[in-house]
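S.K.: This is what each chain is made of:
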Amino acid sequence: MPEFTTWDILYNLILAARWTVVLSILAFICGGIAGLLVLLGRVSPLPWLRRTMNLYIELFQGTPLLMQIFIVFFAFPLMGVETTAWTAAVVALTLFTSAYLAEIWRGCVESVPKGQWEASESLAMSFTEQMRYVILPQALRVAVPPTVGFSVQVIKGTAVTSIIGFVELTKAGTMITNATFQPFLVYGLVGLLYFALCYPLSVYAKRLERTLHVAR
Amino acid sequence: MAYSFDFPAVFDYTPVLVDGVVLTAALTVVSTVAGVSIGIAGAAARTSGVKALDTAVGVYVEVIRNTPFLVQLFFIFFGLPTLGIRLPEWQAAVLAMVVNLGAYSTEIIRAGIQATPRGLIEAGESLAMTRAEIFRHIVIKPAMKKIWPALSSQIVIVMLGSSVCSQIAAEELTFAANFIQSRNFRPFEVYFVVTALYLGLAVLLRWLLARFGNLVFARRAARA
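Residue numbers (UniProt numbering), protein chains in the order written: chain B, 1 to 216; chain R, 1 to 224.
Each hint should be verified, as a subset may be incorrect.
[Claimed, not checked] With a straight-line Cα cutoff of 27 Å, these simulated DSS-like cross-link-like pairs (lysine-lysine) come out: (1) R:K146 - B:K206; (2) B:K114 - R:K51; (3) R:K146 - R:K51; (4) B:K114 - R:K141; (5) R:K141 - R:K51; (6) R:K51 - B:K206.
Worth flagging that the hints you see were computed from the coordinates, not collected in a lab.
Given the sequences, and given the hints that come with them, work out the whole structure.
M.R.: Below is the structure:
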């Protein structure tokens with residue numbers, strides 16, 4: 001039986017952690033773009049669109065991420081599209097992220113005083129112009145800290161994609177455990193690597209929040 | 001070729017689904033009670049003014065909040081036996097959920113405690129109340145009332161997160177889904193139905209927690 005040093009284990013976990021990072025960044029960017037669209041629908045003047053987007057958000061906030069991943073994973077083949085664990089993971093995490101970000105940003109948009117809406121409306125601005133020039137620039141300032149904070153949830157969410165067989169940090173941990181029979185060490189290191197990814201973001205989010213409060 | 005859905009194939013296994021729902025609900029209830037209790041104790045420790053206690057609980061909170069629940073679960077189920085602590089699936093699942101919710105609720109409840117007006121505590125002190133009495137009668141109740149909505153959301157998140165406990169073969173709702181789809185080869189239908197069940201559970205849990213909050217906190221506030 002081959003021997004594995006702690007360094008071997010850590011080295012391979014770090015290699016796998018790259019995929020956690022890539023998946024997180026991709027899901028965050030795609031989810032951010034989709035989330036912006038959901039947000040626009042959620043605060044639009046059209047009642048049916050608002051209701052639909054609210055339903056979308058409720059649906060993703062009321063079901064487990066694992067189920068969302070499974071449904072995406074098994075729905076693609078039904079539509080005749082070949083899928084891999086990688087695509088299913090990206091699509092599912094994008095949808096998940098978009099719903100949460102849209103809800104976070106909605107709170108930020110609603111924190112913009114009503115007078116700003118009314119003033120821009122009295123200048124005959126359309127909804128898109130209002131959002132583009134008046135509301136979003138002001139909401140953005142408030143939105144940064146919770147958005148950074150949510151990125152931690154995205155990184156932790158990628159761990160669930162290991163269940164459909166996507167090889168990222170957690171899956172690599174399971175595979176290495178099966179080879180080395182050292183679960184305590186391996187999962188300890190896996191946890192440590194996640195912590196190394198997430199903790200700086202948590203601290204950064206907290207600091208942003210503090211400076212924002214001081215600026216007010 | 002168009003796919004033809006077969007939902008009755010799922011409902012042939014209704015007893016399995018019911019068992020899954022019951023276990024998920026049981027996991028949630030137990031971990032909520034224990035997790036929130038830890039949260040109250042943790043928040044008390046963090047605001048106690050004892051530096052060592054504050055730091056120790058702070059490390060616990062940050063470690064849990066910055067690692068995935070799935071990894072915590074694997075560490076408890078697969079890792080702890082190395083230290084001689086061998087837990088059966090459902091105990092490991094409960095422990096992981098309690099530890100997880102404990103950390104989040106510590107942070108949430110602490111925010112509520114820190115929002116207590118200074119004057120209230122001083123009023124308690126001037127009545128010669130002990131620190132424990134002040135905490136019990138003055139600080140914790142309004143704090144819990146204030147943060148109850150945030151805590152409720154966190155409890156729902158933990159309930160939904162319990163779906164990954166299927167990975168250590170705790171026989172909750174997702175485990176039931178995996179079992180059924182391995183029998184009837186209808187993964188999409190099975191997961192669709194089970195997702196709907198989770199949604200129902202989440203809505204129900206949110207409603208129950210809101211009712212509970214109204215019942216416990218509103219009445220006490222009225223009496224005071």
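S.K.: Check each numbered hint from earlier against the structure, then list the numbers of those it violates in ascending order.
M.R.: 2, 4
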